[in-house]
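If you follow the hints, you should be able to join the two separate chains into one complex; please do so.
Sequences listed follow chains L and X, in order.
At position 109 of the first sequence (counting the first as 1) the number is 108 in numbering that gives the first Met the number 0, and the numbers step up by one without a gap.
At position 87 of the second sequence (counting the first as 1) the number is 86 in numbering that gives the first Met the number 0, and the numbers step up by one without a gap.
Hints are computed from structural coordinates only; laboratory data are not their basis.
Hints may be right or wrong, so weigh each one.
As the list claims (entries may be wrong) - Here are the simulated distance ranges between beta carbons:
id	chain 1	residue 1	chain 2	residue 2	range
1	X	Val22	L	Gln178	32 to 40 Å
2	L	Lys119	X	Pro118	47 to 55 Å
3	X	Arg63	L	Gly118	33 to 41 Å
4	L	Thr185	X	Val22	32 to 40 Å
5	X	Asn115	L	Gly177	33 to 41 Å
6	L	Ser104	X	Pro21	52 to 60 Å
7	L	Gly177	X	Asp119	23 to 31 Å
8	X	Lys68	L	Ser149	31 to 39 Å
9	X	Asp27	L	Glu128	31 to 39 Å
10	X	Val22	L	Ser104	54 to 62 Å
Please read all numbers here as calculations on a predicted model, not as lab measurements.
Note that CB positions come from ideal geometry on N, CA and C, so glycine has one too.
One letter stands for each residue in the lines below.
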Amino acid sequence: MGKDNNELSTIEVSIQMDGVIQKITNLVVSNSILEKVNKTISRIEADRKANIEKEIKQLYKQIDKDYKLLKDFNLMTFKMKKTEPETQSQSLDFTLQEAIAMYPSASEALKSKLDAAFGKKALITDVLERLKDASIEEFYQEAGRPRITSVSELPEDLHEYILSVYDGIVMYEAVNQGQRLSYLDTTTRKYQAWFNLLSSGSVDFYVSLCHCSLAHAGDASRLSAVSAKAAETLGKNPACQNVFQNIMNK
Amino acid sequence: MKKKKFTDIKDVNECFEVAERPVVESVDQIPSDLHPVIMAFYKEMVIAESANKLKGSDQKPDWRNPNQKKWFGWLRFLSSGSVDFYVSRYDCSFAVAGDASRLAFLDESDVRHAFNIAPDVFEDFLTK
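Chain X extracted, bound-state conformation (with noise of 0.2 Å):
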């Protein structure tokens, strides 16, 4: 049987039954204006850890080691008001403030495909 990889995976849900993870609608605790930034934390990290894990890792990649390369997709904004894909990128030994192992690929592949599956995602996790 042919081993399933990420660029199979069509849409956030499959995301989620791959990582295991349950769909969650809302953090009650949170102050409610920021459910929609958390929401698409969440979802954005389901979707890095599903891949990750058809790469065969069930570990989140860290960044105290610098030899392991963290993939990010950049992203722009298109004058429509909506986002593009741009590049993939890695970091090793620098992080920006908002970077979270768990939001990072380990195969560079992946992380344009993440944006193709959910781009609503991202640019939630962008904008709200």
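Extracted from the complex, chain L is given alone in its bound form (with noise of 0.2 Å):
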């Protein structure tokens, strides 16, 4: 005598993906579709080229159509609960610095995948060309600092004031590199973007200029460049010229 085709099993399906065994779903089947899993996991093993993806979803669409005879001859007794297979996507499993690291010998086809993972402008390398055109949320993002939007502590005509400063710090940290200027070291170069006022009420980069052992009262080691090309950047940028602006205005 013949199996009952109607009787119901457990089974687990798992796959084997670059030599690892993944589990995917338990079933509740019956024997007539129990017979057709084994088949189709013969035929994996079997052939390991076979996508198996689509496999799985065969097999999912012969349980659904048994499914739907079972109940219509009222005999099922049990819920079937399906999960649909995992998509096995392929990922990037780089840091941000690492993809920096091997962006400028990565091969076109790499360097394509790092770009879209990444952003390609988070790829440059130079940090003053990366920070040239780059928002005041990129700076703080370099920077590593939070944005805030207020200083309730102050007075309120001073916030727009105090916030300016913040981002002009924040700024100069970006471009900095982490580098912290001394005022009181007098052989280092402290530079700063100096700027012409233009009678719209706007700014103009005009220079960068540097001070070893004098500081003009204006000049914090804080708003403060660790080269000339940092400095530059900044008055260049528009972002940060308007923040300079602020500064002066506000």
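This is how it looks when you write it as structure tokens:
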């Protein structure tokens, strides 16, 4: 006597990817489906190049068909829970710093994948080049500082001014890459951007100048750059010009 | 009654009274390592504001006005690690990135006095 095709069994569905066996789900199926499952698994094992995702989807379609059939004959005494197999997506398992380090020598194919994963701009190695036309938000990200919107302890009319000073400090931290300048060290050059004040009320970058043993009262070591190029990057960036303008005027 | 001059002011606390600004100890929203420099900005601003107020101006100096002289002090660093007042000079049509109209003095003579009553504030501003 043959097996009862409607007898139910529980099977565990797993797949092997790159040598790792991964459980997908448990299924409660009839013997007829179990037979098909076994055939499918045999086929997968026999042909490792088979498209596993497609096979599993076909398997589910068969199960769906069988489920409807059983339901029609009121033979279902259980609820079958199906879980869609997880898509085996490819991923780039690199940190941004690792990606930046490997980018210059990467193949074009890898470069395009890194561009897609991290964004082309984030992978520019030269920080000053990266920040040339960056937004203030990007300066905050580069410096790792939190963006704040209020300094409630101070008088309200000064909020905009103090927040602009904070923006300015963060901008310099970003281009200085964590290097802290000391005004008491007279051998270190401290660079700053100088501006032409235009009659329109806006500013225009003029020149980067440095100090060693003198400081202007508007100077602050937190508002000084480690190089002329760093000061120039800030001085020419439109978003930074806006901040400097706010520091001057607000 | 003799009109009060900025050179009559003896310390920073008096500047806060003249400028009618509250004494603030910290700004909690800003990362704590930056509190000293932000507080120095605030104090230096209050000092300049009190000086300019005693000169009859309730408005901060205006960078958009090239005819108005904005006086700033220049400091020099001593081998002892401290700072000393060097010279005062004004800007009209150029400004360095850290300049702020709120830190400018409308009168040259007030600049040196500001440093004399609060050298620590100016030093904190530059070094913290």
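Checked hints:
1. With their beta carbons about 33 Å apart, Val22 (chain X) and Gln178 (chain L) fall inside the hinted range of 32 to 40 Å.
2. For the hinted restraint 47 to 55 Å between Lys119 (chain L) and Pro118 (chain X), the CB-CB distance of approximately 50 Å keeps it satisfied.
3. As the Cβ distance of Arg63 (chain X) to Gly118 (chain L) is approximately 38 Å, the hint placing it in 33 to 41 Å holds.
4. Checked against the given bound of 32 to 40 Å, the beta carbons of Thr185 (chain L) and Val22 (chain X), roughly 33 Å apart, stay inside it.
5. The hinted window of 33 to 41 Å between Asn115 (chain X) and Gly177 (chain L) holds, with their beta carbons roughly 36 Å apart.
6. In this structure, Ser104 (chain L) and Pro21 (chain X) meet the distance hint of 52 to 60 Å, their C-beta atoms being roughly 57 Å apart.
7. Distance hint check for Gly177 (chain L) and Asp119 (chain X): the Cβ-Cβ separation is about 27 Å, which falls inside the suggested range of 23 to 31 Å.
8. Checked against the given bound of 31 to 39 Å, the beta carbons of Lys68 (chain X) and Ser149 (chain L), roughly 34 Å apart, stay inside it.
9. For Asp27 (chain X) paired with Glu128 (chain L), a C-beta distance near 36 Å keeps the hint of 31 to 39 Å intact.
10. Evaluation of the 54 to 62 Å hint for Val22 (chain X) and Ser104 (chain L) yields a pass: the beta carbon distance comes to about 57 Å.
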